[in-house]
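Participant: Read off the chains here:
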Amino acid sequence: VSNATTDGIIGLTYDSGDTPFQVSTSPTTIYYISLHTSMLGGSKLKVTSLSPITGKKIDQYTLSSDAEITTRDHILFAGANTAAPLLAWTDKANKVLKVNIIGTKNVASFNTPGDEVVDKIVLHAPNHINSLPHFLVEYQTAVGHSAEVYHVDLKKSTVSKAYSLPELRSKGTFTTSTQDANVYFTRVTEDEVAVFSSASHGVLLKWLSSRVPRALSVPQFSTRTDSGCSTATTNWLGAVQNSYLARYLQSGQAFPRRKLLLRLWKRRATATWCLLTSTECSDTYKTCSISRPGRRRSPPSNSTPLVSTSSLLSQPSRVALLRLM
Amino acid sequence: MRFHAALTLAACLAPAAAIFEDDAYHIDFHYALLGLPKHEATFFQKPYAGSKASLLYSISQNHTIGAINPKDGALVWRQHFSTGPHAQGHLRSGHEQDTVVSAVGDRISAWSASDGRLVWETNVGGAVVDDLEILEQEDGMTINEAKDAIVLLSGGSHGVKRLDGKTGLAKWTFEDTR
Numbered sequence: 002v003s004n005a006t007t008d009g010i011i012g013l014t015y016d017s018g019d020t021p022f023q024v025s026t027s028p029t030t031i032y033y034i035s036l037h038t039s040m041l042g043g044s045k046l047k048v049t050s051l052s053p054i055t056g057k058k059i060d061q062y063t064l065s066s067d068a069e070i071t072t073r074d075h076i077l078f079a080g081a082n083t084a085a086p087l088l089a090w091t092d093k094a095n096k097v098l099k100v101n102i103i104g105t106k107n108v109a110s111f112n113t114p115g116d117e118v119v120d121k122i123v124l125h126a127p128n129h130i131n132s133l134p135h136f137l138v139e140y141q142t143a144v145g146h147s148a149e150v151y152h153v154d155l156k157k158s159t160v161s162k163a164y165s166l167p168e169l170r171s172k173g174t175f176t177t178s179t180q181d182a183n184v185y186f187t188r189v190t191e192d193e194v195a196v197f198s199s200a201s202h203g204v205l206l207k208w209l210s211s212r213v214p215r216a217l218s219v220p221q222f223s224t225r226t227d228s229g230c231s232t233a234t235t236n237w238l239g240a241v242q243n244s245y246l247a248r249y250l251q252s253g254q255a256f257p258r259r260k261l262l263l264r265l266w267k268r269r270a271t272a273t274w275c276l277l278t279s280t281e282c283s284d285t286y287k288t289c290s291i292s293r294p295g296r297r298r299s300p301p302s303n304s305t306p307l308v309s310t311s312s313l314l315s316q317p318s319r320v321a322l323l324r325l326m
Numbered sequence: 012m013r014f015h016a017a018l019t020l021a022a023c024l025a026p027a028a029a030i031f032e033d034d035a036y037h038i039d040f041h042y043a044l045l046g047l048p049k050h051e052a053t054f055f056q057k058p059y060a061g062s063k064a065s066l067l068y069s070i071s072q073n074h075t076i077g078a079i080n081p082k083d084g085a086l087v088w089r090q091h092f093s094t095g096p097h098a099q100g101h102l103r104s105g106h107e108q109d110t111v112v113s114a115v116g117d118r119i120s121a122w123s124a125s126d127g128r129l130v131w132e133t134n135v136g137g138a139v140v141d142d143l144e145i146l147e148q149e150d151g152m153t154i155n156e157a158k159d160a161i162v163l164l165s166g167g168s169h170g171v172k173r174l175d176g177k178t179g180l181a182k183w184t185f186e187d188t189r
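If you read the sequences in order, they're chains A and B. Each residue of the first sequence is one higher than the one before, counting from 2 in my numbering. Each residue of the second sequence is one higher than the one before, counting from 12 in my numbering.
FYI, nobody ran anything at the bench for these hints, they're computed from the structure. The beta carbon of each residue, even a glycine, is placed where N, CA and C say it ideally should be. Incorrect hints may have been included.
The calculated BS3-like cross-link candidates involving lysine-lysine, where the alpha carbons are at most 27 Å apart (straight line), are [to be verified]:
1) A/K157 <-> A/K45
2) B/K49 <-> A/K93
3) A/K121 <-> A/K172
4) B/K177 <-> A/K57
5) A/K45 <-> A/K96
6) A/K93 <-> A/K45
7) B/K63 <-> B/K49
8) B/K182 <-> A/K58
9) A/K58 <-> A/K156
10) A/K45 <-> A/K121
11) A/K96 <-> A/K106
12) A/K172 <-> B/K49
13) A/K58 <-> B/K177
14) B/K182 <-> A/K57
15) A/K162 <-> A/K93
16) A/K57 <-> A/K156
17) A/K121 <-> A/K96
18) A/K121 <-> B/K49
19) A/K162 <-> A/K172
20) A/K121 <-> A/K106
21) A/K121 <-> A/K93
The following residues of chain B were derived to be distant from chain A, with all beta-carbon distances above 10 Å [to be verified]:
22) Y59
23) G61
24) G116
25) N134
26) G136
27) E156
28) K177
29) T178
30) G179
Turn these sequences into a full structure, and let the hints steer you where they fit.
Facilitator: Structure representation (structure tokens):
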């Protein structure tokens with residue numbers, strides 16, 4: 002890029018329009034992805050595959066993407082460390098979603114939901130090499146959000162839509178978690194938290210957030226869980242199957258927290274969940290948890306200030322993580 | 012006597028009830044020590060292979076790396092980089108590794124995941140690290156030793172480097188000559 006400015010007078014600057022963008026690995030190859038800006042404006046995605054052992058170039062190709070990509074911002078995702086590393090981008094109007102399995106030249110094209118203007122598209126995918134190659138595309142509109150789940154067929158190198166999650170007229174977000182090869186998506190909205198399997202659209206677990214800390218109900222948050230967390234999530238799913246809690250959840254009633262805690266207390270089980278939030282304006286990290294019933298937690302021994310729930314309410318908050326155990 | 016028994020019972024019950032009313036749904040811990048965490052660089056990781064519990068690792072937008080105990084929010088360790096606000100920060104960790112690897116500006120560092128001690132540090136003088144990944148597999152086989160880091164460089168020279176997971180020394184460099 003520096004050449005572009007110094008050589009500008011000579012007029013031979015167009016060739017130096019390559020901008021390194023991302024590096025991705027697959028089980029056998031390292032992919033170096035750069036944006037190649039052409040003379041006519043618009044950019045092409047250039048993929049260079051490298052041998053992990055020698056670092057030598059194996060192959061190089063460009064994806065015909067110049068009609069869509071005008072800036073880096075239109076690239077949604079370049080997956081790393083997955084069985085199927087992906088590149089995904091959109092056009093300017095967020096009407097078309099393009100997906101490429103890195104290492105192949107095919108570009109799959111999907112129309113985004115057409116009812117409302119899509120403001121933002123976010124791609125959620127597991128980043129474990131052993132996970133199923135499933136991913137979720139979140140569409141945010143001015144009035145709400147919806148999502149679509151896609152599956153990648155590694156043998157045929159195709160991407161296909163598996164199912165859609167209906168649009169909700171509220172702010173919300175998604176998070177990915179994995180257990181072994183299984184992939185789970187958690188949808189967090191102002192009203193409820195629901196867990197789906199990547200394989201089918203049935204709700205595995207759902208609870209209303211009327212009793213969830215108010216920090217959750219502030220819009221503009223994003224969540225994230227990991228494998229350790231999701232293992233816990235699925236253990237939890239197993240543990241509560243056909244239990245008191247599961248029946249309550251299925252009936253869609255408000256979370257009977259006190260009864261649940263008493264129940265778990267009697268069974269000497271633990272119900273812990275933890276939220277990690279950070280506020281945009283004060284740049285802080287916060288965690289809150291419901292701890293094991295029957296044991297009162299002593300305040301932290303160091304001089305950490307305690308923050309009450311009410312002080313959170315006044316700040317736009319971002320949930321960085323949702324942990325279920 | 013019956014009244015005393017009822018009073019005793021009430022005294023026993025009161026704290027138990029208070030747990031439900033007081034403890035839940037309150038923020039218990041607050042840390043102003045990290046800053047706004049970066050979405051793609053906030054993850055759970057076991058501090059060493061075989062550990063029962065995971066810690067939460069994050070790099071924030073002001074380039075502070077921290078390990079947090081997700082059980083109670085306790086900060087286990089923290090490292091801060093005083094670099095320009097425009098430098099990108101990256102944080103990654105390989106599966107079953109006892110280190111987390113960070114890249115901020117031109118500095119790539121590996122930290123002991125359990126206590127935050129510096130394991131190795133390397134500098135890619137002049138260039139800027141644009142992306143960082145951990146090489147989990149090679150030739151389709153999972154790597155069992157210290158996993159190597161792959162860094163994407165821009166700025167001075169464009170290219171990709173593979174850094175030894177134990178020492179941080181470059182195993183190879185691919186230079187993008189365009």
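Participant: Next, verify each hint and record whether it holds.
Facilitator: Going down the list of hints, with the structure as the test:
A hinted pair counts as satisfied when its Cα atoms are at most 27 Å apart, and A/K157 with A/K45 qualifies at roughly 25 Å. A C-alpha spacing of about 25 Å is found between B/K49 and A/K93, which places the hinted pair at or below 27 Å, so the restraint holds. Note on A/K121 and A/K172: the hinted pairing holds, with a Cα-Cα distance of about 12 Å set against a maximum of 27 Å. Using a Cα cut-off of 27 Å, the hinted pair B/K177 and A/K57 holds, with the two alpha carbons roughly 22 Å apart.
Straight-line distance between C-alpha atoms of A/K45 and A/K96 comes to about 19 Å, which keeps the hinted pair within the 27 Å bound. A C-alpha spacing of about 15 Å is found between A/K93 and A/K45, which places the hinted pair at or below 27 Å, so the restraint holds. Simply put, B/K63 and B/K49 have alpha-carbon atoms about 26 Å apart, close enough for the 27 Å limit, and the pair holds. Annotation: proposed proximity of B/K182 to A/K58 holds, straight-line Cα distance about 15 Å (limit 27 Å).
Distance restraint check for A/K58 and A/K156: the Cα-Cα separation of roughly 24 Å lies within the 27 Å cut-off, and the hinted pair is therefore satisfied. Between A/K45 and A/K121 the alpha-carbon distance is near 22 Å, which keeps this suggested pair within the 27 Å criterion. For the proposed pair A/K96 and A/K106, the alpha carbon gap of about 22 Å is at most 27 Å, so the pair holds. Taking the CA atoms of A/K172 and B/K49, the gap is about 20 Å. The hint holds against a cut of 27 Å.
A distance of roughly 25 Å separates the Cα atoms of A/K58 and B/K177; the hinted pair therefore holds under the 27 Å criterion. Taking the CA atoms of B/K182 and A/K57, the gap is about 12 Å. The hint holds against a cut of 27 Å. This hinted pair checks out: A/K162 and A/K93 have alpha carbons roughly 22 Å apart, not beyond 27 Å. With a CA separation close to 26 Å, the supplied pair A/K57 and A/K156 stays within the 27 Å bound.
This hinted pair checks out: A/K121 and A/K96 have alpha carbons roughly 11 Å apart, not beyond 27 Å. A hinted pair counts as satisfied when its Cα atoms are at most 27 Å apart, and A/K121 with B/K49 qualifies at roughly 18 Å. For the proposed pair A/K162 and A/K172, the alpha carbon gap of about 23 Å is at most 27 Å, so the pair holds. Of the supplied pair hints, the one linking A/K121 and A/K106 holds, its CA atoms being roughly 26 Å apart against a limit of 27 Å.
In summary, the hint linking A/K121 to A/K93 is supported, as the alpha carbons are separated by about 11 Å, within the 27 Å threshold. Every beta carbon of chain A lies more than 10 Å from that of B/Y59, the smallest distance being close to 13 Å; the non-interface claim holds. The claim that B/G61 is not at the interface with chain A holds, since no C-beta of that chain comes within 10 Å of its own (minimum 13 Å). The non-interface label for B/G116 is consistent with chain A: the shortest C-beta to C-beta separation is roughly 15 Å, beyond 10 Å.
Listed as a non-interface residue, B/N134 keeps its Cβ farther than 10 Å from every Cβ of chain A; the least gap is roughly 18 Å. Look at B/G136: its CB is around 15 Å from the nearest CB on chain A, clear of 10 Å, so calling it non-interface holds up. Consistency note on B/E156: stated as away from chain A, and its beta-carbon is indeed over 10 Å from all of that chain's, at 14 Å minimum. Interface exclusion of B/K177 from chain A stands, the closest Cβ pair being 17 Å apart, more than 10 Å.
A cut-off of 10 Å between C-beta atoms confirms that B/T178 is not in contact with chain A; the least separation is 17 Å. Here B/G179 stays apart from chain A, with its beta-carbon at least about 16 Å from theirs, past the 10 Å limit.
Comparing the model with each earlier hint shows no violations; every hint is respected.
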